[in-house]
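Visitor: If you're matching positions, the sequence shown starts at 1 in this note's numbering and goes up one per residue.
Calculated directly from the structure, the hints in this document are not laboratory data. Be aware that a few hints might be false.
[Said to hold, decoys possible] In silico SDA-like links for lysine to any residue, alpha-carbon gap of 25 Å or less:
hint	residue 1	residue 2
1	K27	F55
2	K27	F76
3	K27	T65
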Amino acid sequence: RGLAAMPDQRVLGRGHLLRPLLDVSRKQLEDYAHRHGLNWIEDPSNDDQQFSRNFLRSQVLPLLTYAMMSVMCGFFAYH
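Could you put the whole structure together from the sequences, leaning on the hints where they help?
Guide: If you want it as structure tokens, here you go:
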């Protein structure tokens, strides 16, 4: 499956795994927690660079984003 986004639902054993909050931003979730007096807990594994997803998110994606912005700026400046 590679780098495909996780599905919002899938069959899991004899049931279904539902992820109803995938389309909700982190900021929206944090704001909701704050408004309702809930404690926000960070999963420390999200910072572990041993996981490919974390390495890609923190190291590779910012570089790609910067590169694509440069390409797009050059493209629009040319046209």
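Visitor: Compare the structure with the hints numbered earlier in the document and write down the numbers of the violated ones, lowest to highest.
Guide: 2
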